[in-house]
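Residue-level listing of the chains:
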Amino acid sequence: MSILIVAEHDNTNIKSATLSTIGAAMQIGGDIDILVAGSNCDEAASAAAQIAGISKIIKADAPHLEHQSAEELAPIIVDLASNYSHILTPATTFGKNILPRAAALLDVQQISDIISVESPDTFKRPVYAGNAIATVRSSDSIKLITVRTTTFDAPNASGGNASVEDYSVGKALNLSKFVKQEFSVSERPELTSAKIVVSGGRGVGSKENFKIIEALADKLGAAIGASRAAVDAEFVPNDYQVGQTGKIVAPDLYIAIGISGAIQHLAGMKDSKVIVAINKDEDAPIFSIADYGLVADLFDVVPELEGKL
Amino acid sequence: MKIFVPIKRVVDYNVKIRVKSDGSAVELANVKMSINPFDEIAIEEAVRLKESGKASEIIVVTIGPEKAQEQIRTAMAIGADRGILVKTDAPIDLGGVEPLGVAKTLKALIEKEKPDLVIMGKQSIDDDSNQSGQMLAALLGWAQGTFASKLDIDGDKITVTREVDGGLETLELSSPAIITTDLRLNEPRYAKLPDIMKAKKKQLDIIEPSELGVDYTARLEIINVSEPEQRSAGIKVASVDALIDKLKNEAKVI
Ligand SMILES: Cc1cc2nc3c(=O)[nH]c(=O)nc-3n(C[C@H](O)[C@H](O)[C@H](O)COP(=O)(O)OP(=O)(O)OC[C@H]3O[C@@H](n4cnc5c(N)ncnc54)[C@H](O)[C@@H]3O)c2cc1C
Numbered sequence: 107m108s109i110l111i112v113a114e115h116d117n118t119n120i121k122s123a124t125l126s127t128i129g130a131a132m133q134i135g136g137d138i139d140i141l142v143a144g145s146n147c148d149e150a151a152s153a154a155a156q157i158a159g160i161s162k163i164i165k166a167d168a169p170h171l172e173h174q175s176a177e178e179l180a181p182i183i184v185d186l187a188s189n190y191s192h193i194l195t196p197a198t199t200f201g202k203n204i205l206p207r208a209a210a211l212l213d214v215q216q217i218s219d220i221i222s223v224e225s226p227d228t229f230k231r232p233v234y235a236g237n238a239i240a241t242v243r244s245s246d247s248i249k250l251i252t253v254r255t256t257t258f259d260a261p262n263a264s265g266g267n268a269s270v271e272d273y274s275v276g277k278a279l280n281l282s283k284f285v286k287q288e289f290s291v292s293e294r295p296e297l298t299s300a301k302i303v304v305s306g307g308r309g310v311g312s313k314e315n316f317k318i319i320e321a322l323a324d325k326l327g328a329a330i331g332a333s334r335a336a337v338d339a340e341f342v343p344n345d346y347q348v349g350q351t352g353k354i355v356a357p358d359l360y361i362a363i364g365i366s367g368a369i370q371h372l373a374g375m376k377d378s379k380v381i382v383a384i385n386k387d388e389d390a391p392i393f394s395i396a397d398y399g400l401v402a403d404l405f406d407v408v409p410e411l412e413g414k415l
Numbered sequence: 008m009k010i011f012v013p014i015k016r017v018v019d020y021n022v023k024i025r026v027k028s029d030g031s032a033v034e035l036a037n038v039k040m041s042i043n044p045f046d047e048i049a050i051e052e053a054v055r056l057k058e059s060g061k062a063s064e065i066i067v068v069t070i071g072p073e074k075a076q077e078q079i080r081t082a083m084a085i086g087a088d089r090g091i092l093v094k095t096d097a098p099i100d101l102g103g104v105e106p107l108g109v110a111k112t113l114k115a116l117i118e119k120e121k122p123d124l125v126i127m128g129k130q131s132i133d134d135d136s137n138q139s140g141q142m143l144a145a146l147l148g149w150a151q152g153t154f155a156s157k158l159d160i161d162g163d164k165i166t167v168t169r170e171v172d173g174g175l176e177t178l179e180l181s182s183p184a185i186i187t188t189d190l191r192l193n194e195p196r197y198a199k200l201p202d203i204m205k206a207k208k209k210q211l212d213i214i215e216p217s218e219l220g221v222d223y224t225a226r227l228e229i230i231n232v233s234e235p236e237q238r239s240a241g242i243k244v245a246s247v248d249a250l251i252d253k254l255k256n257e258a259k260v261i
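Protein sequences appear in the order of chains A and B.
Residue numbering for the first sequence follows this note's numbering, beginning at 107 and increasing consecutively.
Residue numbering for the second sequence follows this note's numbering, beginning at 8 and increasing consecutively.
In case anyone wonders, no lab produced these hints; they're calculated from the structure.
Mixed in with the good hints there might be a few duds.
[Stated by the list, open to error] Partial chain B-side listing against chain A, Cβ under 7 Å, derived:
hint, residue
1, Val22
2, Val33
3, Leu35
4, Ala36
5, Gln151
6, Glu176
7, Val232
8, Arg238
Every residue gets a Cβ at the ideal spot worked out from N, C-alpha and C, and that includes glycine.
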């Protein structure tokens with residue numbers, strides 16, 4: 107078997123989601139190559155070559171690949187596909203955007219968001235917001251898969267020495283044009299890989315009040331998450347949303363504050379090792395999955411907790 | 008401008024689903040069914056484009072059982088002009104109609120109807136695949152604007168803001184294009200009673216998949232559907248001090 111990983115990167119660094127995806131590929135077994143497609147992405151390609159256990163890096167470097175659009179990336183994946191039994195990307199917005207486009211061009215039914223490898227053609231994936239787990243076997247000759255990164259261990263990011271091969275990139279299709287990006291900049295750890303996540307919900311009440319969540323997160327060196335309701339109400343930006351249709355997290359410690367625990371929220375955090383819930387409603391569903399529940403007004407206890415840590 | 012809005016009949020998002028005891032599927036008998044929430048957002052967006060004079064006709068399409076006409080009628084009550092049901096008894100959640108089959112069906116319909124824009128949900132809340140829109144864009148060779156939280160149409164110019172893991176990304180797409188909706192694109196309205204009555208008179212065509220040259224043999228065989236591991240409730244602590252003690256000495260996570 108030979109596996110191609112489509113790397114998520116920013117032309118300089120390889121994203122940690124890519125590493126977990128390689129972890130899934132290692133469970134399938136076989137040679138693993140990495141496609142690094144971008145613009146001026148030498149550094150990202152060299153970083154990929156350092157990852158332990160990789161055979162080859164394929165570098166596709168062209169100005170029109172800078173923002174890694176699905177329209178431009180999919181044809182490259184399709185062109186490389188015949189050399190591989192499996193093609194994997196992380197189930198992040200990057201992977202979810204590009205891989206189905208390549209799958210359709212290859213006439214392959216993609217397998218989304220796998221959480222385990224049962225055999226090279228059989229995988230488990232959550233459905234219905236994680237309220238059921240489906241075991242699926244693919245009959246396609248090549249498997250295109252997105253990987254839920256929180257469930258696979260990452261290999262060592264160093265110690266490898268893969269060769270880097272240049273791919274000759276064709277002409278741009280120019281179906282879409284990049285206009286701008288507005289990314290949240292933060293000194294805090296990245297939400298999906300943080301060891302501790304402190305999340306706030308509608309109960310926090312306002313953007314202003316979210317400062318108490320931020321203070322607690324900073325005391326713990328934690329990332330900040332949120333429920334959909336908190337994002338909809340613009341307390342925090344969209345990239346903070348945890349849940350079925352937001353980010354999936356599984357930190358060592360997840361603290362849910364003023365979050366009721368709707369199934370769509372639980373879908374994104376119920377695999378956390380330890381869950382703490384702070385809510386003034388003792389019947390809130392979040393308590394049914396929390397290891398430690400504190401029934402209290404968050405405006406009293408969150409500052410107290412922050413002060414005592 | 009003609010807009011195509013593919014929608015799906017799914018288990019209502021408020022329902023706590025149950026897995027069948029034989030592990031074959033999720034129990035769908037006597038369960039409340041609704042339009043997939045992301046598709047409601049797609050319908051709403053199309054209706055707003057029509058209200059602002061930018062769209063002339065909205066066609067909703069669904070693939071599903073006879074009863075999926077209910078979802079088409081609801082979409083019509085919100086403002087869609089016309090509906091198409093591609094009727095099948097194949098399961099539409101798992102092990103039947105898959106995203107690739109959906110994309111092929113939609114492609115065949117689009118080649119007939121020639122819409123200028125497709126707006127559809129980014130994922131359906133049953134199989135959670137998040138693929139159909141991207142696949143359809145691929146098969147048509149169109150631009151794709153996935154996970155949209157803002158859509159601007161100005162003549163031939165389509166500007167879409169996407170919710171991505173890092174924040175927001177704005178793209179300009181060439182027309183025609185596929186847009187997939189995210190939660191914050193708009194807040195869908197509720198259908199009003201007079202509109203529900205009017206919807207009953209709108210044109211709804213029922214066609215067979217074979218008329219479009221598609222079939223729904225699943226590529227992903229469902230070996231088993233099971234309940235996830237349940238997490239049991241822990242304990243309630245009485246104070247912040249007790250919580251800190253537990254986190255330090257019992258869970259050892261801080
Ligand atoms: C298609 C779809 C997709 C969705 N995807 C997601 C998703 O990815 N992520 C997600 O989170 N949601 C998602 N949702 C929304 C979800 O259904 C819930 O509406 C949402 O999670 C509720 O957010 P919340 O818990 O913050 O708000 P609420 O349910 O309103 O809960 C607020 C909680 O705060 C508590 N509270 C209020 N004041 C205080 C106080 N002073 N002190 C302590 N506690 C207080 C209340 O007791 C209550 O339990 C989705 C919904 C749909 C339909």
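Against the structure, the hints come out as follows:
1. At about 9 Å, the closest approach between the beta carbon of Val22 (chain B) and any beta carbon in chain A exceeds 7 Å, and the interface hint on this residue is violated.
2. Using the Cβ-Cβ criterion of 7 Å, the hint placing Val33 (chain B) at the interface with chain A is satisfied: the shortest such distance is roughly 5 Å.
3. Interface hint status for Leu35 (chain B): violated, as the beta-carbon distance to the closest one in chain A is roughly 11 Å, over 7 Å.
4. For Ala36 (chain B), the shortest C-beta to C-beta distance to chain A is roughly 15 Å, which exceeds 7 Å, and the interface hint is violated.
5. At its closest, the beta carbon of Gln151 (chain B) sits 6 Å from a beta carbon of chain A; the interface hint therefore holds under the 7 Å criterion.
6. Of the supplied interface hints, the one on Glu176 (chain B) holds, with its beta-carbon coming within about 5 Å of a beta-carbon of chain A, less than 7 Å.
7. The closest approach between the C-beta of Val232 (chain B) and any C-beta of chain A is roughly 5 Å, which is under the 7 Å cut-off, so the hint is satisfied.
8. With a least beta-carbon distance of about 5 Å to chain A, the hint placing Arg238 (chain B) at the interface is held under the 7 Å criterion.
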